[in-house]
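Asker: Residue numbers (UniProt numbering), protein chains in the order written: chain D, 1 to 388; chain G, 1 to 388.
Any given hint could turn out to be false.
Identical chains blur together in the list; that is why a pair holds if it fits in one copy or across any two.
Stated by the list, open to error - Result set (PhoX-like, lysine-lysine): computed pairs, CA atoms no more than 25 Å apart in a straight line: (1) 337 to 105; (2) 156 to 386; (3) 377 to 156; (4) 374 to 314.
The set of hints was computed from the structure by calculation and includes no laboratory data.
In case you want the letters, here they are:
2 protein chains.
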Amino acid sequence: MAEPTKQTESLEKLLDKNVKGEDLAEIKRILYGKELPTLDVPESAKKLAAKYNFEIQAYQFGTIFEEQLRTPRIVRVGLIQTHIVRPTSDPLKEQREAIFDRIAKLVEAAAYCGVNIVCFQELWPYPFAFATREKQPWCEFAESAEHGPTTQFCQKLARQYNMVIVSSILERAENLEDILWNTTVIISNSGRVIGKHRKNHIPRIGDFNESHYYMEGDTGHPVFQTQFGRIAVNICFGRHHPLNWLMFGVNGAEIVFNPSATVAPLSEPLWGIEARNAAITNGYFTAAINRVGVETFPNQFSTGDGNPPHRDLKYFYGSSYMAAPDGSRTPGLSRVKDGLLVTELDLNLNRQVRDYTCFQMTQRFDLYAESLAKIVKPDYKPQIVKEN
Amino acid sequence: MAEPTKQTESLEKLLDKNVKGEDLAEIKRILYGKELPTLDVPESAKKLAAKYNFEIQAYQFGTIFEEQLRTPRIVRVGLIQTHIVRPTSDPLKEQREAIFDRIAKLVEAAAYCGVNIVCFQELWPYPFAFATREKQPWCEFAESAEHGPTTQFCQKLARQYNMVIVSSILERAENLEDILWNTTVIISNSGRVIGKHRKNHIPRIGDFNESHYYMEGDTGHPVFQTQFGRIAVNICFGRHHPLNWLMFGVNGAEIVFNPSATVAPLSEPLWGIEARNAAITNGYFTAAINRVGVETFPNQFSTGDGNPPHRDLKYFYGSSYMAAPDGSRTPGLSRVKDGLLVTELDLNLNRQVRDYTCFQMTQRFDLYAESLAKIVKPDYKPQIVKEN
Numbered sequence: 001m002a003e004p005t006k007q008t009e010s011l012e013k014l015l016d017k018n019v020k021g022e023d024l025a026e027i028k029r030i031l032y033g034k035e036l037p038t039l040d041v042p043e044s045a046k047k048l049a050a051k052y053n054f055e056i057q058a059y060q061f062g063t064i065f066e067e068q069l070r071t072p073r074i075v076r077v078g079l080i081q082t083h084i085v086r087p088t089s090d091p092l093k094e095q096r097e098a099i100f101d102r103i104a105k106l107v108e109a110a111a112y113c114g115v116n117i118v119c120f121q122e123l124w125p126y127p128f129a130f131a132t133r134e135k136q137p138w139c140e141f142a143e144s145a146e147h148g149p150t151t152q153f154c155q156k157l158a159r160q161y162n163m164v165i166v167s168s169i170l171e172r173a174e175n176l177e178d179i180l181w182n183t184t185v186i187i188s189n190s191g192r193v194i195g196k197h198r199k200n201h202i203p204r205i206g207d208f209n210e211s212h213y214y215m216e217g218d219t220g221h222p223v224f225q226t227q228f229g230r231i232a233v234n235i236c237f238g239r240h241h242p243l244n245w246l247m248f249g250v251n252g253a254e255i256v257f258n259p260s261a262t263v264a265p266l267s268e269p270l271w272g273i274e275a276r277n278a279a280i281t282n283g284y285f286t287a288a289i290n291r292v293g294v295e296t297f298p299n300q301f302s303t304g305d306g307n308p309p310h311r312d313l314k315y316f317y318g319s320s321y322m323a324a325p326d327g328s329r330t331p332g333l334s335r336v337k338d339g340l341l342v343t344e345l346d347l348n349l350n351r352q353v354r355d356y357t358c359f360q361m362t363q364r365f366d367l368y369a370e371s372l373a374k375i376v377k378p379d380y381k382p383q384i385v386k387e388n
Numbered sequence: 001m002a003e004p005t006k007q008t009e010s011l012e013k014l015l016d017k018n019v020k021g022e023d024l025a026e027i028k029r030i031l032y033g034k035e036l037p038t039l040d041v042p043e044s045a046k047k048l049a050a051k052y053n054f055e056i057q058a059y060q061f062g063t064i065f066e067e068q069l070r071t072p073r074i075v076r077v078g079l080i081q082t083h084i085v086r087p088t089s090d091p092l093k094e095q096r097e098a099i100f101d102r103i104a105k106l107v108e109a110a111a112y113c114g115v116n117i118v119c120f121q122e123l124w125p126y127p128f129a130f131a132t133r134e135k136q137p138w139c140e141f142a143e144s145a146e147h148g149p150t151t152q153f154c155q156k157l158a159r160q161y162n163m164v165i166v167s168s169i170l171e172r173a174e175n176l177e178d179i180l181w182n183t184t185v186i187i188s189n190s191g192r193v194i195g196k197h198r199k200n201h202i203p204r205i206g207d208f209n210e211s212h213y214y215m216e217g218d219t220g221h222p223v224f225q226t227q228f229g230r231i232a233v234n235i236c237f238g239r240h241h242p243l244n245w246l247m248f249g250v251n252g253a254e255i256v257f258n259p260s261a262t263v264a265p266l267s268e269p270l271w272g273i274e275a276r277n278a279a280i281t282n283g284y285f286t287a288a289i290n291r292v293g294v295e296t297f298p299n300q301f302s303t304g305d306g307n308p309p310h311r312d313l314k315y316f317y318g319s320s321y322m323a324a325p326d327g328s329r330t331p332g333l334s335r336v337k338d339g340l341l342v343t344e345l346d347l348n349l350n351r352q353v354r355d356y357t358c359f360q361m362t363q364r365f366d367l368y369a370e371s372l373a374k375i376v377k378p379d380y381k382p383q384i385v386k387e388n
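Here chain D stands alone, though its shape is the one from the complex (with noise of 0.2 Å):
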C-alpha cells in the first residue's frame, strides 16, 4: 500500500477543513452513520491536556429509544493512545516509569471526564520492539500479570479514581518455566486483577513477526464482569479474524477493546473496517486502540521485503475509536498526537440493536459448527460445483 507522502492529523480534520455544511453532514453520514453528540470536557481535564500536550475528544452514543422496563445503563469509556516518551537505548527501568509518568497524566483527565472504565494501547509500557527479533534486553520487560511493576501500577490508579483499567503487558508466566505471552489484564476498580486473556492470533507480517516472542494465547474467550458491564479483549491481530470477536459476543461481551499497535503502510485502510464490522455484526461496542508516532531501535533489523535494513517501525497512526452496534462510530482520535477519546454509552443500545437487526437469531450456528467439525478434518472436501 501506498505510504503517506506527510503525516496528516486526522482524516475527520482533512474532511472538516475541505468540506462545509449539507456537503460534510452527508459525507459523514455515509461514512459514519451519524454524528454523535459531543460531551463536555471540564476545565480540569482541558487544562491538563494543554500543558501535557494531548488531545481529548468526548462523544455520546444514545440509544434508539428509552425503555419502560430497564432503566439505562450509562458507562463512560476512556480509550488513551500515546507515543513512547525516552529513546529505546534508555534504560529499560527508565523508559517504563517515564511512560507510567505520562500515562498517569492521561488517567488523571480520563478521571475528570467521569471515566468508568479505561483501555490503554496493546503492550502500552514498553516500545514496540517485539518486531525487531531481538530478544535481548526487550525480553527483560516481561512482567507477573498479577504482580508484575504494570500491575501494580494500574492497580493504584484504578483505587485512586474507582477506574476499571485494561492493560495489556508482557507477560512472563513466573511459575510455569518462563513462558512469555501477549496479555491484557483487567483490573477491578477495587484494585483487584479480575483476570487475563492472551492475545489468541500472533502476526507473522512484515516487521510484525511477533511469533518470534511468544505463541497463540491459551485462554479461550473469557468476558469480564465488572461494576460497568461486561467487557473483553480482542488484542490487535484478532481483529482480522471474525471468529475471535464472534466467540467474545457469544459469551457475553458488551464492549470489546482492541488494543493494538499497527502501521500505517501495513493497515490503515483496514483501520476503520474491521473493528466497526465487529460491532455491527456482533451486536456490541468495539474500541480500537492504536499506539502514535515512530519508534526507533538501537540495532537495525530486517522487514524481509527487499528494503534495506532500519532502525523503525514506520508509523504508528493513532486514530484510536469507538463503533456502535447500529454501525455509527466516533471520528478518530488523532494520527500524530497522544491523546484521549470519552464516550459516554447506554449499554441498553446493544439489546435493542440486536432485537432490531435479528443477527444473533439468524446467524445459524448449528449449520456452521457442523461446517467448522468437517473442515478441521484432514480429509475435508471443498464444496465445489463444476460444469457437467
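Following the hints, complete the assembly by docking chain G onto the known chain D.
Answerer: Same frame as chain D, now just chain G:
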C-alpha cells in the same frame, strides 16, 4: 439512522467536488487503500451508456509482484445495478420483460468492455416486492432455477457474449411441493447452468420481513468452478454474517458476489464495511451490488416502526463496488443511476495477499470448531470471569 435530506449522486463525487490535490489523495488513501488505475471504456460501450442513460466505471486491480512460477490470471468482472423499469401495477410479464430488455443493454455494454463474469442485483428481474408481506401477485414471479424464463434469458446472453452470468431469482421448486427459495443461479459461458445457491440467512428487519416468503437455504456453501475462476454467492443479508463469507473462502472461492437489495436508512453506513471486511479477512475479491431507486407498490404496507403505512421501501442507494483482499476497493457506482462497474482482476492477488498476511494460517479453526460445537448445546455456559 438519519435519512438523507437529498439524494447524493455518490460519496466519491461529493469528495471530488469539495477536495482537491494532495488532500483528496490522502483521504482516498485512508478510506480506500490506494487509487486504482482506470480502464479504457470502448466507444461502443460509451455510446450505449449515453443512449440508455447508465453509468460505466472501469478499474484495474493489479498484483503485488510479478510471479516467476505462475502466469497471471486476468478476469474482467461486471457488476450491474438497475432501477425497475415499469410501474409495479403493470402486468407482471410486462414488468419482467421490460427489465430483461434493459439488462440486455447493460450486458451488451459489459461485453464491449470484455467482461467475463457478470453479476446482477438480488432478485433482479422483479420489483423487490418481498417486503410488502403480499403473497399475491408477487409469488407468481417464482420460477424454476434450471428452466424458468429468467434462466433461459440469461442462457441466451451467456452464449451470445461468452460470459458467465450470476443471476439471482425467486426460485420455485416445482418438483418439491412448490417450495420457494431466494436463489442465485450460475450460468456458464457455455450457456449451461453450473448450479445454484440458496440464500443462507433470511432477514427479519424493518420492511425486509423476507422470512414471510422463503426459508433459510439448504445448499451449504457451494463454490462454482467457471472457466474464469472459482466464484461463490453470499446473497444480500448474508453479508452481515462473517461465517457465511468464511465458508465460501474455505471452499475455494476467488470472487464472492453479494447481490443485494438494501435501502438508505437501514444499511448505508454498513455498506462499505461488510463486503470489504470479508475480502480482507478471507483473502478473496468481493463484489457488493445493490439496486437503485424507489419502488412504489399498489397497496400500502406497514413497517412496524410506528410510522404510517406506506407504499415504498425508501431508497435503494446503488453504490455497488468491488473490494480486493489487500483492503483496496473501487469507488462506488452512483447512488441514483443505473450502472455497470467493470473491474479487471488478477486472481493471483489472492494467494499473494494470503502468503503475506497469513490470516489463513493464524485463524485457529481447531479452537473455533471446538467452541462452536459447545455453544450449540443447550447447556452452554459462557466463559465469564468475575472478581473474587
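Asker: Now tell me if each hint is right for this structure.
Answerer: Hint check results:
1. Only within a single protomer do residue 337 and residue 105 lie at most 25 Å apart by alpha-carbon distance; the minimum there is 15 Å, versus 53 Å between protomers.
2. For the homomeric pair residue 156 and residue 386, the shortest alpha-carbon distance between copies (20 Å) is at most 25 Å, but the shortest distance inside one copy (64 Å) is not.
3. Proximity of residue 377 and residue 156 under a CA criterion of 25 Å is satisfied in neither setting, with 49 Å inside one chain copy and 42 Å between copies.
4. In this assembly of identical chains, residue 374 and residue 314 lie within 25 Å of each other by CA distance neither inside one copy nor across copies; the values are 41 Å within and 42 Å between.
When held up to the earlier numbered hints, the structure conflicts with 3, 4 and fits the remainder.
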